Amino acid sequence: MTDRIAESAMDVPSAVVSRSPLALGMRRFRANKAAMASGAVLAAVFVACSCVYVYGLSEGRTWTVGQEEDSRVGQPHPWPPSWQHPFGTDTNGRDLLMRTLQGGAVSLFVGLISAAISVVIGTVYGAVAGQAGGAVDRWMMRVVDTLYGLPYILLVILILVYAEQSLIVLFVAIGCVMWLTMARIIRGQVLRLRQEEFVVAARALGAGPMAILLRHMVPNLLGPIVVCATLTVPVAILQESFLSFLGLGISAPLASWGTLASDGVQTLSPMVNYWWLLVFPCAMLALTLLALNFIGDGLRDAFDPKLISGKD
Amino acid sequence: MTKYVIKRIALMLPTLLGISFVVFALIRFAPGDPISLSVRGEGGNMSEQGGDRDALIKLRMSRYGLDKPIPVQYVQWLARMAGGLFRGDLGDSITEKRPVTEMIAERIGITIRLNAVSLLLTYLLAIPIGLVAAKNRYADPLRRAVFDTGSGVAVLIMYSIPAIVLGLMLIVVFSKGGELEGYLRVHHPDWLWVIMPVGGMHDDQADQLSTWAYLGDGVRHMILPVITLTVGSLAYMAKLSRTSLLENLRMDYVRTARAKGLRERTVVYVHAVRNSLLPMITVMAFILPALIGGSIIVETIFNLNGMGLLFYTAVIRRDYTMIEAISLIGAVLTLVAMLLADLLLAAVDPRVRYD
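Residue numbers (our numbering), protein chains in the order written: chain X, 1 to 312; chain B, 1 to 355.
Calculated from the structure, these hints are not laboratory results. Treat the hints with care, since some could be wrong.
SDA-like mimics (lysine to any residue), calculated; alpha carbons at most 25 Å apart, straight line [stated by the list, open to error]: (1) B:LYS7 <-> X:LYS33; (2) B:LYS176 <-> B:MET201; (3) X:LYS33 <-> B:ALA285; (4) X:LYS33 <-> B:GLY88; (5) B:LYS176 <-> X:GLN266; (6) X:LYS33 <-> B:TYR159; (7) B:LYS3 <-> X:VAL143; (8) B:LYS3 <-> X:LYS33; (9) B:LYS7 <-> X:ARG142; (10) B:LYS7 <-> B:SER20; (11) B:LYS7 <-> X:ASP145; (12) B:LYS7 <-> B:THR243; (13) B:LYS3 <-> X:GLY134; (14) X:LYS33 <-> B:VAL146; (15) X:LYS33 <-> B:SER210; (16) B:LYS7 <-> B:LEU78; (17) X:LYS33 <-> B:GLY150.
Because the structure is a prediction, the values reported are computed rather than measured.
Okay, chain B solo, but in the shape it has when bound (with noise of 0.2 Å):
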């Protein structure tokens, strides 16, 4: 066992090697980067001399090493991680010129809050959905047609809305100053509580609140974000929940325990429930990085300044140091979880060793 961690973890350094090189091939040789882009930026009167111009461009670039062959730069950039790592340095941002750890660590928690919020909402809901379809599968017809098929087409039309549109939709319904705010000041004042704000975390002056009042403006402003980055991962683990209970309801192990007498609860809860749960936990590894992804999404629709919108940021920019930092973090993570949830998997499935 621990020679197979050891081994797992030895195997993550040339896919990390091999994603490093991928991300600095494609960033590098794409058009403009970061010196240009920003030196443009900096305002008109630089255009009236040219010649000046080019030379702080030149300048700039020698600074960060980026007049050099691109292998050069790959291989200099290498050694500066290897040292780097260890001690928790990623080197600065170019276009910030801040350590890009110390700029992630600022923004990293917003997006865990939700990443964290959303996969503990998609596995607490998907399974009771999954549990209701299956067991009301082969149900009298009313039953079935209420529980599994009912279930099962809402699930795929939640899977089928797409984040930005449903994250649009929760804007225009529910922020302040849309249609629903008019209504409901004039008919209803009392549900005026569901208009929830929207951008940002906190509102502007939430410091002055008191500690609970806080929290609660946390929690109102992530609840739209949350629900846009939960529902499709949801709907996903809901139809896998259903399937995989469906797969073991059929297995012969749940008609022994049939035919010895068991309770149907105890045959479906204490039995198959629990082999069920199985897949749900190897595809946590595929859900990370799903989930990595929508959190651009909904960070860009929500503005939200977290880890997300700082990688689209700095694509745009050409922040190399940046661009890189995150991929790989964003790699690890996933690595990590593979690993963890193979692990796990290995944990609760004696059928599972790795030796």
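Bound conformation, chain X alone (with noise of 0.2 Å):
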């Protein structure tokens, strides 16, 4: 606590500026080159593959080799990687590149969406029960911890079977179990928030206990949330990438990077080595997550109050 008043006093040159925990935490963020150097490779990746999506979806097209070029090349496909088609072709004869970062949207859409949905159910479950306390919360908390009895990816095939495979029910069974985690951290916060003298000068003030959460605790709160977030995305499109492996994810007009990967598998065989359809689908989907989860990490050391007190 001294140190971040300290380091707060220093740097301010003239007038006294007040910052916020979360301005304050975005500017160490800021000083961890390696958190930002993968922001950079993952807003490529994000452009790239938005851009190719939103293209491919408005122009109607397959990015399937062109005629001309089929007979010039004479040769059945898939072809492997060359300078016109750096990660090679299909075996529908479509550029590799292209499906990938078609895929790449989609499996980045499911992240992003399922782990918004998580954020929002643990946040809102985890600020109640934290706020509302004794048997509500002894309850609410039991819940959380039968649903963490279950291994939860027997949870998210159990959902998938359930209805039709559609986009929307994979967001919400995946951010349905992953709320988990999320809540039991916003709930420990709160819990340890509402011993703060602040929030007991709110109260004793006569702030009623939405007043409070929403006014006092939530800045407070917003820097786990944010790493809390950033850290659920890549274990979504993990989770996604696994179920359209199993085939219960995405299905066949959509790509994602698991329905690529498990593509890739198909065509492996003693006799034939299409290794390019395997390996850069997989080879994106990994290098996504590290991105992902240095910067899940940069935000961890920059917003947790436990290491920054330590200069760590």
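Hints in hand, dock the two standalone chains.
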């Protein structure tokens, strides 16, 4: 705590500028080079994927190799990587780079939406439990413990067989099983904040529980929420890729990194080796997850009060 | 203490009840049921006699009590479980018509073997990695860059590689018939041993091998799956072990130990490391469910006949009894692991007490 005050006091040149915890955290984050570089990589992947996806949608393009090129090369698909097709082509003669970017858009989309769902559920649940306290809190946490007892992948598979394989079910299924950790973290933070002097003061001044939650706690919770959300996105993408790999997630006309990988596996055999069908989607998936984890770790280092006071 | 344990065990029952309810509700309301799915799978000639087929489905449904309303089925199922649980009877599989426990007993060995080896490796490797990283945190820049930052990046990379990607890559590179095997055969025949068998726990003709060769064959079949299963949890634990040790090295008692003039080695290994292991005990309770989930991934990729694959096929075929049984076994394992972790923590940390 004293460190934080000292730090903000030091870099105030003339006038006293008060900085929110969020602004302070963001400044610490910007000093982290690895996390910033990962941010750039992720932004590039995101922009490339969504551009290709939107362009493909609007033009109705499937990125199939044109007939003249087909006859010029005169070779059955899939083609190995070349200058024209850096990732090669797939068994249907589609450019794999474009397919991978298109699939990436779906994967990222699933990751972001599911993480958003889990963040909303987890935050609300955790905040309500923490703020209510007593028996309500105990029962609400008992429910979380119960669901924790179920291996979550079993739960996702169970939810997925429920409905037709659609994107929305997928979001909800993944989002619904990942909010538990979030709820625990937020509850813990709310319980901690409830003891803080400024919250006690607000309560003494007659502020209601909702006002305390929204005005005083939420700004202090933003750090943990952002950190947890960032670390949830890669997990959601992972879940999606695994489910798609099993054939439970994204289905045929759409593609994701998981379905591309599973398509790649199906072509594997001792006779032929179309390694690029497997390697490129998997590499893109791993790269994106790596960038997301670097950012998440950087955010945690920047926002975790325990680490900040230790100057680590 | 005894009272606490009894209370915890008593609390498991409502939790298990809740889990069984969630699973039951989810799977019963899902479209498709085991009978129609298996009758449809029994052949095309059935479809010609449509009336017979419907009658057959109805007959089999009533045999398993599946024609009753779902709440009634749940209560009946609970009653059957309450009676059967102590006799080790969890009902018969609907699709295979054999006792569920028998089928699980056949498969659970593989899953336990995979998870036990993986858990052991995780702890054995994660603690030293975290130790080396934390110890060099405040060393000179070069050592810090190599050991702390280097291992940190490596750990994060390991953490970010999805199990399916890793498993598939390992298969592509190290399996029989891959590019690498062809290359080694031509250029480095003495390195051919790195090519690993993929699929199953043993070769087809492994029975004819001598005991040692048979064991070796089993080990070779497990190497790739175990790597796939371990890398993620290892990275997580290594990260945890590093943070925990760093936190302890900043504590006052470490400063006191140094001020007393203890050797640095004693300070780190005797004082700090032992205390830094505490959170790793707590985490064990959360690693176990993750491993169970992970074995579904590994078993499907490497085609191993374990519990994960059993559960997956049961879900696809809507084998209700099997799904319930495996979910309950998974839940019991998780709850017991949580309890054991808490008790172990109380045993080694005098600050933690349950009265």
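The hints, checked one at a time:
1. For the suggested pair LYS7 (chain B) and LYS33 (chain X), the alpha carbons sit about 50 Å apart, so the restraint of at most 25 Å is broken.
2. For the suggested pair LYS176 (chain B) and MET201 (chain B), the alpha carbons sit about 15 Å apart, so the restraint of at most 25 Å is met.
3. Straight-line distance between C-alpha atoms of LYS33 (chain X) and ALA285 (chain B) comes to about 35 Å, which puts the hinted pair past the 25 Å bound.
4. Taking the CA atoms of LYS33 (chain X) and GLY88 (chain B), the gap is near 57 Å; set against the 25 Å cutoff, the hint is violated.
5. Restraint check for LYS176 (chain B) and GLN266 (chain X): the C-alpha separation of about 16 Å stays at or below 25 Å, so the hint holds.
6. For the given pair, LYS33 (chain X) sits about 19 Å from TYR159 (chain B) by alpha-carbon distance, which is consistent with the 25 Å threshold.
7. A distance of roughly 23 Å separates the Cα atoms of LYS3 (chain B) and VAL143 (chain X); the hinted pair therefore holds under the 25 Å criterion.
8. A C-alpha spacing of about 52 Å is found between LYS3 (chain B) and LYS33 (chain X), which places the hinted pair above 25 Å, so the restraint is violated.
9. Of the pairs offered as hints, the one joining LYS7 (chain B) and ARG142 (chain X) holds, with about 14 Å between alpha carbons and a cut-off of 25 Å not exceeded.
10. For the hint pairing LYS7 (chain B) with SER20 (chain B), the CA-to-CA distance comes to about 20 Å; that is within 25 Å, so the pair holds.
11. Taking the CA atoms of LYS7 (chain B) and ASP145 (chain X), the gap is near 16 Å; set against the 25 Å cutoff, the hint holds.
12. This hinted pair does not check out: LYS7 (chain B) and THR243 (chain B) have alpha carbons roughly 33 Å apart, beyond 25 Å.
13. For a cut-off of 25 Å, the pair hint linking LYS3 (chain B) to GLY134 (chain X) stands: about 23 Å separates their Cα positions.
14. A hinted pair counts as satisfied when its Cα atoms are at most 25 Å apart, and LYS33 (chain X) with VAL146 (chain B) qualifies at roughly 17 Å.
15. For the suggested pair LYS33 (chain X) and SER210 (chain B), the alpha carbons sit about 56 Å apart, so the restraint of at most 25 Å is broken.
16. The straight-line distance between the Cα atoms of LYS7 (chain B) and LEU78 (chain B) is roughly 22 Å, inside the 25 Å bound, and the hint therefore holds.
17. A hinted pair counts as satisfied when its Cα atoms are at most 25 Å apart, and LYS33 (chain X) with GLY150 (chain B) qualifies at roughly 15 Å.
Figure legend: structure checked against the earlier numbered hints; hints not met, in rising order: 1, 3, 4, 8, 12, 15.
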